[in-house]
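K.L.:
Each chain, written out:
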Amino acid sequence: GAGVSQSPRYKVAKRGQDVALRCDPISGHVSLFWYQQALGQGPEFLTYFQNEAQLDKSGLPSDRFFAERPEGSVSTLKIQRTQQEDSAVYLCASSLPTPYEQYFGPGTRLTVT
Amino acid sequence: KQEVTQIPAALSVPEGENLVLNCSFTDSAIYNLQWFRQDPGKGLTSLLLIQSSQREQTSGRLNASLDKSSGRSTLYIAASQPGDSATYLCAVRPRDSNYQLIWGAGTKLIIKP
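Residue numbers (my numbering), protein chains in the order written: chain A, 2 to 114; chain B, 104 to 216.
Hints in this document: simulated from the structure, not taken from any laboratory.
Just so it is clear, CB atoms sit at the ideal spot from N, CA and C, and this is done for glycine as well.
These stretches of chain B come out as covered by chain A in the derived footprint (C-beta under 8 Å, 3 or more residues):
#	stretch
1	143-155
2	198-204
Derived DMTMM-like pairs: lysine to aspartate or glutamate, alpha-carbon spacing no greater than 20 Å straight-line:
#	chain 1	residue 1	chain 2	residue 2
3	B	Lys215	B	Glu120
4	B	Lys145	A	Glu102
5	A	Lys58	B	Asp199
6	B	Lys211	B	Asp142
7	B	Lys145	A	Asp25
8	A	Lys79	A	Asp64
9	B	Lys145	A	Glu45
10	B	Lys211	A	Glu45
11	B	Lys104	A	Glu45
12	B	Lys104	A	Asp57
13	A	Lys12	B	Asp142
Let the sequences and hints guide you as you build the complete structure.
P.N.:
Given below as structure tokens:
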């Protein structure tokens, strides 16, 4: 079946612009995760949803970052007033109810100029 | 605080050699440990998952071991092939969390034909 998909795959934004990154999880996966991966580093946890409820947003680096999953399926990660330090690959993962294994999408590479 | 370290950061070996990648973690209170592969422009692919009660897992030419007491895991790749070239990351799930993953920075592996 289809895996986790993310769009766009690449995004270039000028500093100060707002961006929205989309994640389509595997059908039936109630848990959804966002990670940020800087170049040469491992992923860093951003936030976790169970269905439409955002149960953990402790990893969001600032109040410019906002995530939602209004119908418990597709999720959007929004970054307002982008800064150069936001340049990274943003990974989405989904799973059956935790603690089941997470399946990762291809990521969105965000470059802020 | 759990920390995960992978050494070396990069490794280049001739095709056909057997090789070992290392992962160490500071807190032995883990639920499981997972090895992933990451190809450029693609997402993370899970290779092997070892539960805390297990000592090793095998899949094809890959064998992962876990020594919880010493905080170490190894990924053994037999008869390496150029297609094995990728970045390999390990991640641990702390025992006190049913979804958090703590990641190493990865080892970039190049297999020379």
